[in-house]
Each structure stands twice: as C-alpha cells, then as structure tokens.
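Peer 1: Chain by chain, the residues run as shown.
2 protein chains.
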Amino acid sequence: MPLTVTDARIDDAPATIRIDDGVIVALGPDVIAEPGDEVLDARGMAAIAGFVNGHGHAAMTLLRGAGGDLPLRRWLEDVIWPAEAHLTDEDVYWGTRLAALEMIRSGTVHFFDMYWQPAAVARAAEDAGLRATVGMPLFDDGDASRLPEVQRTVVTSLDELAAFGPLITPSLTPHALYTVSAESLRYVAEVSVEHDLIVHIHLSETRHEVDEWLAAHGTRPATSADELGLLGPRTILAHGCHLDRGELELVAARGATVVTNPVSNMKLAGGDMFPYPLARDAGVHVGLGTDGAASNNSLDLLADMKVFALVQKHTAGDPTVAPAAEVLALAQGRLSPLLGGRALEVGAPGDVVLVDTAQHALNPGPLVDNLVYAASGTVVDTTIVAGRVLMHGGRIEGADEVVGRARERAAALTGRS
Amino acid sequence: MPLTVTDARIDDAPATIRIDDGVIVALGPDVIAEPGDEVLDARGMAAIAGFVNGHGHAAMTLLRGAGGDLPLRRWLEDVIWPAEAHLTDEDVYWGTRLAALEMIRSGTVHFFDMYWQPAAVARAAEDAGLRATVGMPLFDDGDASRLPEVQRTVVTSLDELAAFGPLITPSLTPHALYTVSAESLRYVAEVSVEHDLIVHIHLSETRHEVDEWLAAHGTRPATSADELGLLGPRTILAHGCHLDRGELELVAARGATVVTNPVSNMKLAGGDMFPYPLARDAGVHVGLGTDGAASNNSLDLLADMKVFALVQKHTAGDPTVAPAAEVLALAQGRLSPLLGGRALEVGAPGDVVLVDTAQHALNPGPLVDNLVYAASGTVVDTTIVAGRVLMHGGRIEGADEVVGRARERAAALTGRS
Numbered sequence: 001m002p003l004t005v006t007d008a009r010i011d012d013a014p015a016t017i018r019i020d021d022g023v024i025v026a027l028g029p030d031v032i033a034e035p036g037d038e039v040l041d042a043r044g045m046a047a048i049a050g051f052v053n054g055h056g057h058a059a060m061t062l063l064r065g066a067g068g069d070l071p072l073r074r075w076l077e078d079v080i081w082p083a084e085a086h087l088t089d090e091d092v093y094w095g096t097r098l099a100a101l102e103m104i105r106s107g108t109v110h111f112f113d114m115y116w117q118p119a120a121v122a123r124a125a126e127d128a129g130l131r132a133t134v135g136m137p138l139f140d141d142g143d144a145s146r147l148p149e150v151q152r153t154v155v156t157s158l159d160e161l162a163a164f165g166p167l168i169t170p171s172l173t174p175h176a177l178y179t180v181s182a183e184s185l186r187y188v189a190e191v192s193v194e195h196d197l198i199v200h201i202h203l204s205e206t207r208h209e210v211d212e213w214l215a216a217h218g219t220r221p222a223t224s225a226d227e228l229g230l231l232g233p234r235t236i237l238a239h240g241c242h243l244d245r246g247e248l249e250l251v252a253a254r255g256a257t258v259v260t261n262p263v264s265n266m267k268l269a270g271g272d273m274f275p276y277p278l279a280r281d282a283g284v285h286v287g288l289g290t291d292g293a294a295s296n297n298s299l300d301l302l303a304d305m306k307v308f309a310l311v312q313k314h315t316a317g318d319p320t321v322a323p324a325a326e327v328l329a330l331a332q333g334r335l336s337p338l339l340g341g342r343a344l345e346v347g348a349p350g351d352v353v354l355v356d357t358a359q360h361a362l363n364p365g366p367l368v369d370n371l372v373y374a375a376s377g378t379v380v381d382t383t384i385v386a387g388r389v390l391m392h393g394g395r396i397e398g399a400d401e402v403v404g405r406a407r408e409r410a411a412a413l414t415g416r417s
Numbered sequence: 001m002p003l004t005v006t007d008a009r010i011d012d013a014p015a016t017i018r019i020d021d022g023v024i025v026a027l028g029p030d031v032i033a034e035p036g037d038e039v040l041d042a043r044g045m046a047a048i049a050g051f052v053n054g055h056g057h058a059a060m061t062l063l064r065g066a067g068g069d070l071p072l073r074r075w076l077e078d079v080i081w082p083a084e085a086h087l088t089d090e091d092v093y094w095g096t097r098l099a100a101l102e103m104i105r106s107g108t109v110h111f112f113d114m115y116w117q118p119a120a121v122a123r124a125a126e127d128a129g130l131r132a133t134v135g136m137p138l139f140d141d142g143d144a145s146r147l148p149e150v151q152r153t154v155v156t157s158l159d160e161l162a163a164f165g166p167l168i169t170p171s172l173t174p175h176a177l178y179t180v181s182a183e184s185l186r187y188v189a190e191v192s193v194e195h196d197l198i199v200h201i202h203l204s205e206t207r208h209e210v211d212e213w214l215a216a217h218g219t220r221p222a223t224s225a226d227e228l229g230l231l232g233p234r235t236i237l238a239h240g241c242h243l244d245r246g247e248l249e250l251v252a253a254r255g256a257t258v259v260t261n262p263v264s265n266m267k268l269a270g271g272d273m274f275p276y277p278l279a280r281d282a283g284v285h286v287g288l289g290t291d292g293a294a295s296n297n298s299l300d301l302l303a304d305m306k307v308f309a310l311v312q313k314h315t316a317g318d319p320t321v322a323p324a325a326e327v328l329a330l331a332q333g334r335l336s337p338l339l340g341g342r343a344l345e346v347g348a349p350g351d352v353v354l355v356d357t358a359q360h361a362l363n364p365g366p367l368v369d370n371l372v373y374a375a376s377g378t379v380v381d382t383t384i385v386a387g388r389v390l391m392h393g394g395r396i397e398g399a400d401e402v403v404g405r406a407r408e409r410a411a412a413l414t415g416r417s
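Residue numbers (the numbering used here), protein chains in the order written: chain A, 1 to 417; chain B, 1 to 417.
Chain A with its partners taken away, still in its complex shape (with noise of 0.2 Å):
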C-alpha cells in the first residue's frame, strides 16, 4: 500500500511526502495522499534521510559487554572466539534482530554486515524490514591450499542470500588481508567484477597490523590491495586508520570508499584515527559505521556521528573540521555512492526518518547542528524503509520479544543472562 507522509518540514519547508513501490514519487508543500493511501500525520516532525551503518557486525550485540576493557587480542581470544566458534543461526537471527531494533530506533536503514550465517542476518534484516547487504566472512589463514574451501565459501553463500528480496544486497566480505590468501582475494576480486558484487574488507585497522603488514611485504596494505584487484568503485574498506597520503590517493584514484568507525577505534585503542580532512582532500569515498556491539558499544549512528565530528576537530586541532551538514551526509551514506544514500527527493529510495523537533535536545537552535552534536538515537520517533513503517511514536512492534528472546541466546551462547 503507497504511504503519505503528511505535513512534515524538510529542510525548514513543509513537505508532504508520498511513497510507493518503496520509492519516493511526490514530494512537496501540495502533495496529498490518494485514496487508499495509508497515511501518517508528520506535524512537529523533521524529515530527513535516514542513516545508513557502512560497517559492522549486528549479531555481536549479543556479545555486549563481554570482555570490555580488556587489551586487544585477549578480548578476541580469551572471549570473543570461543563464544563464536559455538554460534547458531537462531543466535545469529536474534542477535541481528536486536541490533535491528537499536538501529531502527536510531534512525538507520541500511547497514553494511560481515558475519557468521549471513542467510540467518539477512532473515532477521528482512522480517525486521531494514535494508542489508550481507556478507560472509572469508578467511583462510594465508594459506593459499584453502582456496577451494573459500571458492565453496563463496558460491554457498552467495546462492543462499540470492533467495532474499529486494532489501537485501549479497556481498562479499573476505575478513583481512592478513587472515586471507593472496589467492583467495584475488578470487574474490574476480567473483566482485564478473557478478557486480561489492567487496566489504576490513584495512588497516590497527597500527600493529600495519607495521607488521609492511615489515612482511614491503608494501602498505592499499598499496597490496590495489596489486591484488581488490581496490575498485565496488569496495568497502573498514576503517583505514593508518592509511598515508598515498595510500588515500590510490584509493581515490579507484574509487573506492572508506567506512570509518571512531567509536571502535578508540575503544579498541588501536592506534591512529582515520584521517578524515586527508582523506577528503584526495577525494576519497567516505561512510560511517558503528562495527558491532561488542566493540562499540551501541548502535547509535546519531551517537557516533558526534563521536567522529569531535575526534576529527580533536585530532586536527581545528574545530572547522567536519562541519555539522558533512558529518550529517556523511551518516547517511551520501558521500560514497557504494552505500546508496540519497537526498529525500522523487525517485530515491522511500528511507525516512521523522525527528521530534519539540524534543529538549533540538531546542533552540539550527536543527542540523543539533542532530549532529545535541541529539541521540532517541530524537527519532518514526523510521520508514522502502515505504514501510518500522516504528512510529518510538514503538516498535513487537520489540519485548526481541530483547528477550536476544537475552536467551546471550545466555545459552556466553553463560552470561
């Protein structure tokens, strides 16, 4: 059934809109609901564009908490893996259902996943009602003889998340450089240009893998992946932290994005923080990501956009760094074309997000500044994707469920409740 947003404001105007086939078809200050139309009254309400999460790992919510404050590799070791070699589909479907739920509370509608049964992320995605573009973690630990349990890998996945609908993009998502083959990468690299599919990798995470990366082969780890096919107008690197001029030159050189990730990056305290005002200069694609919950640790995109404007200006010594309206497109995947986000206008994707503009947090002031550096997730009382009503006067149906049933799978998964 087409949707009629009624009398919300964008961008200070009125602005009714009008969705249907999941795409915005009319927008404007006289636009009014057909017959039939399902509508809903948008008055005291600010509609923008919705977020769009470039990185993460939505089932980890249910390893919230787990291990906090612990050094890097003993938290991955000692708590991580082993409650992940243990995961189940129900895990996976429950874990990402409430990370859905904290995303559509806070305004995303689409996020970009790497994780185990990613046909079981994709379920949840779906009955949720987000957009995802899934993938499933390749790795085969350098060693090239794995090629052929990661081609299998590959066309297994790839043919269980063809069985989904139109919210859910396939992907592929080989872990790291240094946890996959030259030859499967290449592979990879292979499989992303003959289907079209984007390939979503972890880069230069921590200063520790870089400095090993070189020290190893001599080159830095865009300039590796260039040299392997994987750096293209189809590929998401996570983080990129430490890449230097030149590295962010051949990145944008080739079109392809960075999805930076400050929350985790500081609390994993891995090193250097994306250099974001270099990485502008050299035209390079940007998005944000929350990575998941266990390093994060929430889901909050209005959260870490604040988080990333201040440690930008921080590490610049500059506070005319990422500027509210930047950091607000920048949230909602508009600086990269690979993460689809696009301006409220006729013919983009039915991806609404109404804000209470009444909220104490909004007021006074300029609504754009406020959402970057006042607000949290809660500001937001109604997400709508692809034409569809996920929540609506911050309720979302049938959400006790979810953080119950999460909690089981917690508890079943790390013995913690």
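Hints listed in this document are in silico derivations from the structure and should not be mistaken for laboratory results. Glycine included, every Cβ here is placed at the ideal spot set by N, Cα and C. Warning: the hint list may mix true and false statements.
Label-pair distances were calculated between CB atoms; the ranges are [as the list claims (entries may be wrong)]:
id : chain 1 : residue 1 : chain 2 : residue 2 : range
1  : B       : 404       : A       : 175       : 27 to 35 Å
2  : A       : 212       : B       : 86        : 38 to 46 Å
3  : A       : 358       : B       : 43        : 40 to 48 Å
4  : B       : 90        : A       : 34        : 24 to 32 Å
5  : A       : 245       : B       : 77        : 31 to 39 Å
6  : B       : 159       : A       : 358       : 32 to 40 Å
Every beta carbon over 10 Å from chain B, so not counted as near; a handful from chain A, in silico [claimed, not checked]:
id : residue
7  : 1
8  : 23
9  : 30
10 : 69
11 : 102
12 : 116
13 : 126
14 : 307
15 : 318
For this one, chain A is given, so just place chain B on it according to the hints.
Peer 2: Same frame as chain A, now just chain B:
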C-alpha cells in the same frame, strides 16, 4: 513526605530504598514502606547513584548550536559574547530550566555552574528540583584597580545566593587566571577559606592559553594558582587539559579537584586531552563535566562518560585505561570529595536514578559496562533528588512549557528560534 522506592535492584541484588528528609534512611531487601510514605514501584529497574555534572554554564542552552564549527576566537567574539551582553534574568532562568530538563532526563542530580545572574540559575535549579553549586563569574581583565568592583560582586552575589534552600550551594567562580588579576584572585582565595566556599575556576583549558601564561609569567598555571593561594581542598579546576606531571602532583598534594570536560575540549579543539591516567597515578581527585551546551552541545553525562572513556583509551593507546566501573564512579562525582557523590547507602543523599533494564541498549550483558558504553541518557526512567521524584516513566512535569519559554528567550536573544 518520605519516599519509598520498592523492589529495585542495586548491584544485581533486590533492594527497597526509603528516603526521609532528603536522606536515605533505610535500604535493603527487607525494607518496607511505612504508613504515609509516597511509594514508587521500581520493579524492572536498577537503582544507581545520580550523576554529578562538575562543570558547566547551564543557561548556555539558549546558545545551543550558535556559531557551531567556528574557530574558538570567532565563536566567542562574534557569537557568544555579543549574545551574552544582553542576557536578562528571565533568559538565564529559562535557559537553566531547559538545561535542568536535559539533566533530569539523563539522571544528573547536581550541577556545578558558573554563569551570569547566578540567583536566576539558583531559582531555576530550585524550581526544577536539582542540586546546584552556583557562582557569579568574576572578571577584571587583569586590572588590579578593579578589585573593589570584584569585592562588591562577590559580596552581592553571595548575599543573593544565601537566600536559597538546601539544594543550592553558593560558590566563588573567578573565570580564569588570565582574566582576573592576582589581587582579585588572592581575595577570592581568602574569602574561600574564611567562609568555607568552593572556588571553581577554568584552568589549563587550551594549549594557547597555557603557552601565553608560561611566556608571560615563567610559571605553569597550576603553580601560579598555588602561589595565589587558590589550590586547596575546596578548589575545582575545570579542564586541566595541559597539566604536566609536576602540576598534577601539586594539585594532588593540595587536595584540589580537576573536572574534565572531554566533549567540549574536543569540539573546541583547544589542544591536548586531560591526562587522566597520569592524574590518577598522582592521586588527583577528578570529576566529569559537560561544560555549557554551546560547546557540547548536550548535557547528558551518560553520553559524555562514554566519550570520556573512548578518548582516554584512544589517547593512551590502551583499551584497559578508564574501565567502566571507574568511569561510572567518576560521572557520579564519587572520585572527588568536593563533588559530593556517594554510593547508595544509609546516610547518603536521597539522589537516586532508576534505569530501565529492559531497554535494548542494556541487553544483554553487564549493567555497569552497558551504562558506560551502550546507553545514552534515555535509559533513565526516574530521577529522584533529595527524595523528590523529578521524573518518572521518562516524563517531567511542565517540560513542554520549559521548551517553549526557552525557545522564546533564545529567539529574543539571538534572533533565532
């Protein structure tokens, strides 16, 4: 009327809390309400000590978002100071009421304030039901001949503030070393000792200010403050970003408190971050503040304690720095005797916050870790100060009027709405 909060949980154990005459008089699993008590059912809630906002300028909510992303000097000279030149009592009152709304919403029970028309601040805090330690900003532009004017200001403001009830604590708030003459600062130090008053002053906020001070005086700011008699157990130093090891040892030896305001410091990009690990090693008392909404731009200590932990881990390159339980205690004002934070126990102030443990951000996982890393202020269901329920179920009486009146004052002040 005494208040009994029934069936909450404290540190995962069942607890009922009885508050009489503003103080916790009974606490435990077997406590029951007495006849005539107001009773608040806290099933499904965890009770924690409320947050203490150690430094701010509450009424600057009126200037929220004004001049965002400008360089510091232009921001102050072109935007903030011209607006402040026209502040009325009513502006300060409604700006502070708006700030109080946001602080109550996010579980703050006490704020330390430095702003014009402090009697209006005190009246707003009292009307809102919050504890406030307030003072009149003192400036003489380093001109010792203006000492009599500073003395009159001190006497007048202390007289005005003495008229308020037990929620309000008068204090002395000289702006900074570089804006107040040595003569006036010595006078402030004497009045502080004579009348047992807190001295709350900005110190070592920006690198520029410290470099200039050092060049002009040959001593570092904390050393100069000590020579003026300003460093003692009644002293709150706001910021302290550039305190070196010697200064931290001096501050510790004198028993003074440093209140760090990480969000404001990052947003204004004035230089380094407060060296928290060094300060803790030296034995310095510490607190957490939001600073004013014009440089934060929210007043949510639950959000700011996450940013504090993130930036300290990132700066140290060590994820074990600033562990969750310590950060929570910091935000509760429990790492400084001056800030008055206490664990929930018999004899402590009846300042209790109830958080809704069913919220998705608090599931699954350990509560303290989730409060610091996963929650924002909206997990707070109920805020109680001195046994008075200021918010319950997320609802604060009169909130709409406060937002409306603050919008009017802001519009009149800045031409914005």
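Peer 1: List in ascending order the numbers of the hints, as given earlier, that are violated by the structure.
Peer 2: Going through the list in order, the structure violates hints 1, 2, 3, 4, 10, 11, 14, 15 and respects the others.
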